[in-house]
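> Which chain is which? The protein sequence lines are A and B, in order. Be aware that the first sequence starts at 0, since it is given in numbering that gives the first Met the number 0, and climbs by one per residue. Be aware that the second sequence starts at 0, since it is given in numbering that gives the first Met the number 0, and climbs by one per residue.
No lab work stands behind these hints: they were computed from the structure. Idealized CB from N, CA, C, for every residue including glycine. Hints should not be assumed to be uniformly reliable.
Stated by the list, open to error - Cut-off 27 Å, straight-line C-alpha distance, at most; resulting in silico cross-link-like pairs (DSS-like, lysine-lysine):
#1 B:Lys390 with B:Lys273
#2 B:Lys73 with A:Lys70
#3 B:Lys71 with B:Lys133
#4 A:Lys58 with B:Lys454
#5 A:Lys58 with B:Lys127
#6 B:Lys536 with B:Lys214
#7 A:Lys70 with B:Lys218
#8 A:Lys58 with B:Lys419
#9 B:Lys401 with B:Lys349
#10 B:Lys73 with B:Lys473
#11 B:Lys133 with A:Lys58
#12 B:Lys390 with A:Lys70
#13 B:Lys349 with B:Lys323
Unchecked claim - Chain B side only, calculated, beta carbon under 10 Å to chain A, not exhaustive:
#14 Ala43
#15 Asp55
#16 Thr254
#17 Gly259
#18 Glu466
What the hints assert, rightly or not - A few chain B residues that face chain A, going by a derived Cβ cut-off under 10 Å, partial list only:
#19 Gly40
#20 Gly93
#21 His129
#22 Glu131
#23 Gly135
#24 Glu215
#25 Lys217
#26 Gly219
#27 Ile242
#28 Ala251
#29 Trp342
#30 Glu418
Residue-level listing of the chains:
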Amino acid sequence: MIAYTIRRLLMLIPVLIGMSIITFSIIHALPGDPARAVLGERASAEQIAEVRESMGLDKPIYVQYFNYIGKLLQGDLGRSYITGREIAPELFTYLMATFELAIAAMLIAVFFGVNLGILSAWRQNSWVDYSAMMIALIGVSMPVFWLGLMEQWLFAQELGWLPSSSRLDARTMFEPITGLYVIDSIITGNWAVLGDAIRHLILPAVALGTIPMAIIARMTRSSMLEVMRSDYIRTARAKGLSEFWVIYKHTLKNAFIPVLTVVGLQTGILLGGAVLTETIFSWPGIGRYLYDAITSRDYQIIQSGILVVATIFVLINLIVDLLYAMIDPRIKYGRE
Amino acid sequence: MSLRKSWIASIALVMVLSLFLAACGGGGDSAGGGEDILIIGRGADSKSLDPIQVTDGESIKVTHNIFETLVKFKEDSTEIEPGLAKEWEASEDGKTWTFYLQEGVKFHDGTDFNADAVVYNFERWMDKDHPEHKGGEFIYYKGMFGGFKGDKGHVIKSVKALDEYTVQFELNYPQGPFLANLAMAMFGIASPEAVKKDPVAFNENPVGTGPFKFKEWKKGESITLVKNENYWREGLPKLDGLIFRSIPDNSARFTALQSGEIDLMDGLNTDDAKQVESNKDLQLFKRPPNTIGYLAFNMEKEPFNNKKVRQALNMAVNKEGLVKTFFGDLGEPAKNPIPPSLWGYNDEVKDYEYNPEKAKELLAEAGYPDGFSFDLWAMPEPRPYMPDGKKIAEYLQANFEKIGVKANIVSYEWLTYLEKTENGEHEAALLGWTGDNGDPDNFLYVLLDKDNAKKPAQNIAFYKSDELHDLLIKAQRLSDQEEREPLYLKAQEIIKEDAPWITLAHATPPVVAKASVKGYVPHATGSESLENVWIEK
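Can you make the complete structure from the sequences, with help from the hints?
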């Protein structure tokens, strides 16, 4: 297992190098000069040349690439073309905001998705099953931005129960530690902020979690149905175990492998793909950060940001692979 | 436990949780409750809070409240009034300017504002070898004052402190818009001590003399300013603080305003304007126009080198209809290149009437009785001066069709579009401009003078009129507004007659606020200092 883990980690190196080349070249192949992006309608030829020079864009492409990689290895993601600020610390705070949202969304998705799936498998072909799967179908086909706007309209504007945007009330002064506000407020024992942070989390997390919830529900259902037909489940029932025990312990454990794959993939997607949700709920996450960078054509941020997101995606896949072995000991890796 | 029971248990748990959260809702908002804080919603976060490095509107809105300039614009016009300088005088030749500063003003860090501080700021901006000439490109300094120290066109020769509260500027040549430039929020005076500490990080820890002090910046989320208790203008500011929140989506921002999470916002969808007008809890402001959206004919290419053709196309456009369709209430038809909120606007100029029949006749006179076809370039992205370039191009296309002229709509990615139009690759192209300093020179010279028709050009009509050039240069070298004004009035007549453009519209961007927000006056330049705003209880 350890050898396998190390081997998998080593395999990441060429993947990461490949990704860095791809992001670097895509950005440089795009039309339009980054120097012009900084200057906009007000650019004179001379000014553009000057800005290009100060950005290092006048050097040959391969020199630019090696400069970039050299810095990257020291943990330096470069500086924003537009603001001149260092990207790494800024990226970190945005990333933590996305983590918080993605974790909350995933918790909702897994809790409701798995239970909905179990429920419909348990009562297969009953009205319970049909309505659960109907919910899943609606969930998977509903556009996130529409759901988000409807949530805002109903819960914030009409009912006034929950705030429509951002992570905390704007008046709240709060010094984050980890950047996960829920965790930070528990650490500091600031219960008012905890409540505020959770209230702000609910709407975006539900919007973001709906699609994975639906996918997980469908996956759980089909996986459960398959396992429920196996002999050992019949034996478990025959032994007189309670239905709850049979389903949540015996069936779910074996049915969970495919579900876990979906959970892993969806988590990766949520981390990078929360742009719409983050934009609608003005959640200052990595998707928003990249979206803003793209609209202002801050190539340095786009390049480094995409690389970071891609790396996280790869890492999550790795973790999921490793988790398989823990859940199902029949899965063995390597030559042991 | 049976499965059914476990389900009931989980549902109960969810309900208890919601109750808990609802309960939190009551008490969770209390932080800062008793204070008058204005929360402003806008589309994007600021990029930098060092005003001299700012090129985006979202940054200047914030720094305008932290920093002050030597002179400033009046609350409701682009005329100049005293700021950090209480008086000033110019020499006869317009090359020596002396400013007498307010006394007893302090920066937010407690250091003194004085002549040395002013000199320090200008030297940091103009001298590329200055140790603190760092943190960005100083784009606006370069743009407004003709480059940096040592450059050929540089306006400011020297800045000297004559005594503790007197500063003297020596100019290389007189500059008409000199005072208007100094009033731009980009030229806010920063605390030298704070800049020296770290000129790059200054953009995240701004220190000025303004009515509000910088408190906190949550990136991507909000910027908090608090009242400057020691502000030198008695009794101001009226608010205890300002919070600038970024909410990128226009609809979501409007929802936040209606649900009371923010007090004031810009960037309203055209369709939502009606809803605001019918809601008595909200009030709609229209920012005075400071933009021009236009269609430029490339006068270096046939048939647009023919004045009659350009005039005919001007007559073919139903401008009223166009503005109504695409700007709604949030724009007005344009007859001059400069917006009516600027001094020097010529209201006597008569626009070409909308008359397709006459346009056809004129085309025939010009030698095109059967019309012609050309490429009409349209911007790919919404800009502040034009909400939807492609749709507007389609509208124009339909208008031109009626006089037998066929327009093929062409578009490129935005940066490529700018590059190609600057190099004159287009036949006719849509573009626009947002004013900087409320001076007519900033529109007419930049966009239509022959000096700026050299590639890469900002004058993308490649309109080269010596008559206009002489007027504009003469106006640039005068420093008295009253002497300059008639020159600009004349300039607008010449431009109308030559028709290098179809002037389409001046956008009036909307600002919406709760009805309880009082004393707010939107300024044409796009940002304002909010010391006179208060919230009615």
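> All hints, please: hold or fail.
Now for the hints, and whether the structure bears them out:
1. B:Lys390 with B:Lys273: Measuring from Cα to Cα gives roughly 22 Å; hence the hint holds.
2. B:Lys73 with A:Lys70: Given that 27 Å is the threshold and the Cα spacing comes to 49 Å, the pair is violated.
3. B:Lys71 with B:Lys133: Roughly 26 Å between the alpha carbons, so the hint for B:Lys71 and B:Lys133 holds.
4. A:Lys58 with B:Lys454: holds, 24 Å
5. A:Lys58 with B:Lys127: holds, 22 Å
6. B:Lys536 with B:Lys214: holds, 25 Å
7. A:Lys70 with B:Lys218: Judged against 27 Å, a Cα distance of about 24 Å means the pair holds.
8. A:Lys58 with B:Lys419: holds, 24 Å
9. B:Lys401 with B:Lys349: holds, 23 Å
10. B:Lys73 with B:Lys473: Holds, at about 26 Å.
11. B:Lys133 with A:Lys58: holds, 22 Å
12. B:Lys390 with A:Lys70: Status violated; Cα separation ~45 Å.
13. B:Lys349 with B:Lys323: holds, 20 Å
14. Ala43: Status holds, d = 6 Å.
15. Asp55: Where the cut-off is 10 Å and the nearest Cβ of chain A is about 8 Å from B:Asp55, the hint holds.
16. Thr254: holds, 5 Å
17. Gly259: This interface hint holds because 8 Å falls under the 10 Å limit.
18. Glu466: violated, 25 Å
19. Gly40: Result: holds, 9 Å to nearest chain A Cβ.
20. Gly93: violated, 25 Å
21. His129: violated, 16 Å
22. Glu131: The hint is violated - B:Glu131 has no Cβ within 10 Å of chain A, the shortest such distance being about 14 Å.
23. Gly135: Since the shortest Cβ distance to chain A is 5 Å, the answer is holds.
24. Glu215: holds, 7 Å
25. Lys217: Interface hint status for B:Lys217: holds (7 Å vs cutoff 10 Å).
26. Gly219: Given a least distance of 3 Å, the restraint on B:Gly219 holds.
27. Ile242: holds, 5 Å
28. Ala251: holds, 5 Å
29. Trp342: Check failed: Cβ of B:Trp342 comes no nearer than 23 Å to chain A, outside 10 Å.
30. Glu418: holds, 7 Å
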